[in-house]
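Trainee: All chains, please: the whole structure from these sequences, using the hints.
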Amino acid sequence: MRRCLACLGALASIALAATPPATVEFNRDIRPILSDRCYACHGPDQASRKSKLRLDIEAGAKADLGGHFGIVPGDPSKSEVVKRITADETRRMPPAWAGAARLSDRQIDLLTRWIALGAVWQKHWSFIPPVRPTLPQVSDSHWAKNAIDSFVLARLDREGLKPLPEADRFTLIRRVTLDLTGLPPTPAEVRAFVDDSSADAYEKVVDRLLASPRYGERMAMRWLDAARYADTNGYQTDGERSMWRWRDWVIDAFNHNMPFDHFTVEQIAGDMLPGATLQQVLATGFNRNHRGNGEGGIIPAEYAVEYVVDRVETTSAVWLGVTLGCARCHDHKYDPFKQKEFYQVFAYFNNIPERGKAFKYGNSPPLIHAPTAGQENRLKELDLKLAAGERHMAEIEPGIAKAQRAWEKSLVKTPDPALTPALANDWASARAIAVYLPLNGDLRGEIHRDPPRSDKYTYLMENGPVVVQKPPPEVFEPLWKDGAGQYGEGHIGQAGAFDGKRFVDVGNVANFGFYDSFTLAAWIYPTLPTGAIVSRAEDENEGQGFGLYLKDGHLQANLVQRWLDDGARVESKGTIELNRWSHVTVTYDGSRVASGIRIYLNGDPLELDTHLDDLNQSFDAKQPLRIGAGLGPRNRFHGWIDEVRIYRMALTPEESAVLAVPASVNQLARLAPAKRTPPQAAKLRWCFLDRYAPAALRDGWQQLLDLRGDRVGLVESFPTVMVMQENPIARETHVLLRGAYDRPGDTVLPSVPAILPPLPEGAPNNRLGFAKWLVDPANPLPARVTMNRFWQMYFGTGLVKTVEDFGSQGEWPANPDLLDWLATEFIRTGWNVKAMQKTMVMSATYRQSSKVTPELLQRDPENRLLARGPRFRLSAGELRDQALAVSGLLVEKIGGPSVKPYQPPGLWKELTGGEDYIPDQGEGLHRRSLYTFWKRTAPPPMMMNFDAAGRETCVVRELRTNTPLQALDLMNDVTFLEAARALAVRMIREGGTTEAERIAYGFSLATARPPKSRESNILLSSLHYYRDTSQTDPELAAYTTVASLILNLDVTVTKE
Amino acid sequence: MQRTDEQLLLTRRYFFGKASAGLGIAALAGLLKQDLHAESALPGLPHFAPRAKRIIYLFQSGGPSQMELFDYKPKLKDLEKTELPDSVRMGQRLTGMTSTQTSFPVAPSLFQFKQYGRSGTWVSELMPNLANVADELCFVKSMYTEAINHDPAVTFFQTGFQLAGRPSIGAWLSYGLGSENQELPAFVVMISQGSGNPNDQPLADRQWGSGFLPTKYQGVKFRSLGDPVLYLSDPAGFDRAQRRRFIDDLSKMNQLELDEFGDPEIATRIAQYEMAYKMQTSVPELTDLSGEPPRTFELYGPDARKPGTFAANCLLARRLAERGVRFVQLFHRGWDQHTNLPKQIAGQAKDTDQACAGLIQDLKERGLLNDTMVVWGGEFGRTVYCQGKLTADNYGRDHHPRCFTMWLAGGGVKSGLTYGETDDYCYNIVKDPVHVHDLHATILHCLGIDHTKLTYKFQGRAFRLTDVNGNVVRDLLA
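For the protein sequence lines, the chains are X and H, in the order given.
With the numbering used here applied, the first sequence corresponds to residues 1 to 1056, in that order.
With the numbering used here applied, the second sequence corresponds to residues 1 to 478, in that order.
It is worth saying that the hints were derived from the structure and are not from the lab.
Treat each hint with caution, since some may be false.
Unchecked claim - Lysine-lysine pairs mimicking DSSO-like chemistry, simulated, CA-CA at most 30 Å apart:
1. K81(H) <-> K551(X)
2. K457(H) <-> K83(X)
3. K252(H) <-> K52(X)
4. K343(H) <-> K622(X)
5. K1012(X) <-> K252(H)
6. K622(X) <-> K123(X)
7. K414(H) <-> K343(H)
8. K221(H) <-> K909(X)
9. K457(H) <-> K123(X)
10. K50(X) <-> K457(H)
What the hints assert, rightly or not - If you only want the chain X side, here are some residues facing chain H, beta carbon under 8 Å, derived:
11. E295
12. G296
13. A304
14. E306
15. T323
16. D805
17. Y917
18. Q921
19. D947
20. L959
21. L965
22. N972
23. H1024
All C-beta atoms in this analysis are idealised placements derived from N, C-alpha and C, irrespective of residue type, glycine included.
Mentor: Rendered as structure tokens:
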């Protein structure tokens, strides 16, 4: 906790130096004072500048302001700045009336001396490209193991401090194993290292750990915090989304040691790379991880802006370490970023075909199907089989054609009554049929509640051939409502007569939701231009549900959750002719957007107007399927309806055309082959293959259809991931006055901030060019910022503590040469991430003991000088993972959908009133914490107790508190109790025969070292006490309590 | 006013550096006490003498309709079913739910109003008990906000900013003022589900989060299901003596560690376990209502015996206030009446009326109302025009940020006052508008805080609850 409090100020490093520095350096000593105390009124923001004096640029500070000067180099007494900071209360700066305090004597002294020494100005340090520093001379060249140590030791030499010796081997292997894999070492690994006397024993451990797949998981955990990764959309409803394929991409990228420049370009603009692979497109999920608002009443334009702002803020925090977001409403108050520049960067991320209103549930476009490796293999298999099947059909085509011709001739001679429309029994595909009602004088038909797409169903009619049915259809009894059923001459056989009142209630079938593809089709003979054809919707005006309607002669398809603002509604441009038979079909592909709906009239696709494209949740209505009704009593159908077919799949255009062919198979057989239209020919061919071809041919055809169905089903089952995509025509970007979405100002074009280098030679001025610019070696920031964040992972605090802010208000680096060496080394190695981790953990600095004397603690409380090794509490995820690992419960498996481990009941429900959290059973309880399902509005409580990032917005700073709620969590959380029990069982079973051995075993599992005798004695005495006081199964109870004690020890929860 | 690093680090680290060598665990724990839930006030705080020491904030989540409850608009009856004139609407942005509506018919309230008390305050028949304490209340009928949807609007009320990421008001207060009770958190949150609209306006944990402040300042949820505080209860069969021994042995082990490593974090950890042990007693004592006299339940109503109800939470709020908890916030869900408003709002009123009145009365009887401020209100109001179908006995109302009513009571505010006015349509404020930032500034003022000076530096900038705005509404102050 105190570490965090210490994060408050940006000026902490100044406090480190007990004595004033001999030299005064602008960037280190002066800029922080000016920035913090003066820039709000005398800084970059023109609008809030209070006088002509500006102190953020040299020319301004030294300008002639009409006979007086802010700063006169070499002459403090003539410098207005010095006069004013030392003036009495009425005149002094910063002013008392603004609530500001006087500068400290030390600050005044520094400013005065700096002016006396000539007031040498410097560009802000982080905007100057790093230059590889030469290694400094140090007092003890033996101690240094690599360049890091030379820089650290040089600083310690200046401070008159000495580094500590290397930590003991137990401590060291635990430290490095936790740091590189996020999990503790096993006893065997500890033993092997302790016993290894070879000179490179430690390096072997490091290499082994870097090669472990756990390394990628460990590195991903922090990246997910920065990337605000979560499993829900955030905001009000906070419905589930699916971004885990992106998460797995990150793990994989770290494990394969993808160079950081590639890692960057692919995540920012992988979709724009030439010939982008699935993986490269998938990577761009990084900038779709932001929250999406699907709340009912929002104004989409407002949130469309917020998403882009989030991308700019996140990207600039992660790669540039600057608070560009501060320039959203006005020029930056401290750093040289103009408001206009914010929107120029904004423009790079503003060209995505996305909606401001996100889906309440699920991923919002643009998105891709992102099959897992297993699914890709299955797809390949299917494609091979399909190709073989198609080839086979092509090979036997002459035979088929010949057999078909013979069959056609027989039909001409003797029409098959089963294929005569007059008998209501023509052929149509029965694959994936959900409902078929011929309305042939009664309501007999065929209804399947949930037909799988690839299974074949045929309907059983009096004269038709019998095909085995599977599974037997459920019994549904459609009923006429609001009047007795009447029939008349239909298009095929008879048709239902609709008089604007009566309709058919088919029952609770065809319960499709917004992820389901489906088809509604029928022959209709309308006598009035308005009325419902088929629907599953509330029977009231503007009700919820889906359906196909006639509206003033137009065909209208409607998927509605809420009529005005939550639905998809399309309508044919043209109108349908009244008083004649037409075939109508609507298909929906489950894409949740209006463009996924098609309407066909007599087999021809219609041009559609989109009236509403704002569907953002499912439209299932608790309503029966109705024929001739839906959306209220005034919307009943007038005329005749015949041959209603509903499929649990979206028919293809070709299938839709075939379904609408009015001629019966018997009639088509009479038509000369050359005169047949393609749909007519296909109808004949499909009918033949379906029913009349020789058995072998029929089977081959069915198998092919099954394969096609399987393929569609497989592709639909692929997880999706939201990705970046470019609009073909660039969207205009405006400066937004005061940052408000509805106050556009001047138009801007994409550009990088002027203080930083321009785009690299040849890079396009778009998102891809921006991505390349981020990792252009000329860019002074990304290598430094990234190395600083890595440093934070090992040492708890960055070399620049303000890891998110390298600007004027950020901290001056604790060791600038070291940071620059790391940055240049990173680029020199080709942005080799693993190599840099290795360099850090191989350093003597990292390997030091973490014991601290009161004297050193007083001198350097936060260990910024690094005269000792790092020592801090494990992160939330590491604590849980460690408990699972040492107890043997951990299920190690990389990737996959997020899992739901234990969580106290009711936490979701009490916030939402809706569904509660239901923990997984089995392995989902014991996976590593980076796979834990993350609901943004109700994050996992244990993770939040231990300071995990909330995943609402980008967080790069690591924080650690120390609270009583954490103590309660470690003592009583089911996860830790279960782990204690399992650890107890391990102690008893594997630990040896004596109590002392068992306790030592448990202790060393958790801490990687044997207990000291005093520790052992306390634990033994504890064991005896609990054995004596426990009622049931005292032996196990006692060990469980001691195991819990071990899991609660400071030494266990701390990286020593 | 913000502490400097020197104060924070050097004095304390120096102290612990010395202390760890010589002092025993108990002494250390005592000395560390102020570090626990939230430490003592920041230096210089309060900035001036406070009128209230603590807040009970009854957040009515969903947006209660001002027209049905407190803002009496008799002229609406004559305007029933007439179109809301453009001259009144003045281009006000509407939510996406009604912006495509073609008609905006005026829907008058179905409920009767009467004047109550010496103050003659108008209150609706839906709040009969509250009406009886009207003279204790300070109504602000001219509240307005900037957001028109729940999540940003609640976030705005809670943090002064519409988007997630900033500290909640309770977190600011526990950061600034610390706690009066070292055995309970400084900021406690309780949630109840109303009988009105059960399926809308979810809340989010971040609404009482600490934003960029350290997480120890976040609100601690007291729950009616399971442990009142997460992980509070020991496993079944594990008794207090066993837990005591556990903490003692743990402390001994950690002391050995402290002796060797000298890291003051270890001393803090020892103290935190001690604190956790105390909470295991203090929290169940707090939530155990068996000692409450029958009079209590007469005041709060029979629901107060049912854990998790608004009434039970009001009673717990009083018990927390008695124990010096700085900021108690109740969230009562279900006020989002887009449709079926008359029936739903009657249910919501029934859930809350007696308990609110009981709380005021109870605080007064115990002498706590003087230095406890009670705040009642939602994230926005509701439109005068009907959402959906307007019939003789049914209607709905959409979100309305331009005017709505809140009330305050107790420490620091004028009782029996009605402040601000809306027009006859209850659509615009015509007198004394009070912005969310103004309300925040005023609440902070009552606690002795200058809202412009309670700041925290994050990403290089000094942030505060009221952002760059906010004026103390002095007319509301006693």
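Trainee: For the pair we were handed, K622(X) and K123(X), check the Cα-Cα distance against 30 Å.
Mentor: violated, 67 Å
Trainee: Against chain H, with CB atoms and a cut of 8 Å, does the hint on G296(X) hold up?
Mentor: holds, 5 Å
Trainee: Answer holds if the nearest beta-carbon of chain H is closer than 8 Å to that of D947(X); otherwise answer violated.
Mentor: With Cβ-Cβ at 5 Å, under 8 Å, it holds.
Trainee: So, as I understand it, the hint says Y917(X) touches chain H; can you test that by seeing if any CB pair is closer than 8 Å?
Mentor: With Cβ-Cβ at 12 Å, over 8 Å, it is violated.
Trainee: Verify the proposed pairing of K457(H) with K83(X), using a straight-line Cα cut of 30 Å.
Mentor: At roughly 28 Å apart (the allowed maximum being 30 Å), K83(X) and K457(H) satisfy the hint.
Trainee: For the pair we were handed, K221(H) and K909(X), check the Cα-Cα distance against 30 Å.
Mentor: holds, 14 Å
Trainee: Against the 30 Å threshold, does the CA-CA distance of K81(H) and K551(X) hold or violate the hint?
Mentor: holds, 29 Å
Trainee: Hinted pair, alpha-carbon criterion (30 Å max): K50(X), K457(H). Please report holds or violated.
Mentor: holds, 22 Å
Trainee: Hint validation: D805(X) versus chain H, beta carbon distance must be below 8 Å. Holds or violated?
Mentor: Because about 5 Å separates D805(X) from the closest Cβ in chain H, which is inside the 8 Å limit, the hint holds.
Trainee: Against chain H, with CB atoms and a cut of 8 Å, does the hint on L959(X) hold up?
Mentor: holds, 7 Å
Trainee: Hey, K252(H) versus K52(X), does the alpha-carbon distance stay inside 30 Å?
Mentor: violated, 64 Å
Trainee: Just to be careful: measuring from the Cβ of N972(X) to every Cβ in chain H, is the smallest value less than 8 Å?
Mentor: holds, 4 Å
Going down the numbered hints, you'll see the structure goes against 3, 6, 7, 13, 17, 18, 23, while the others check out.
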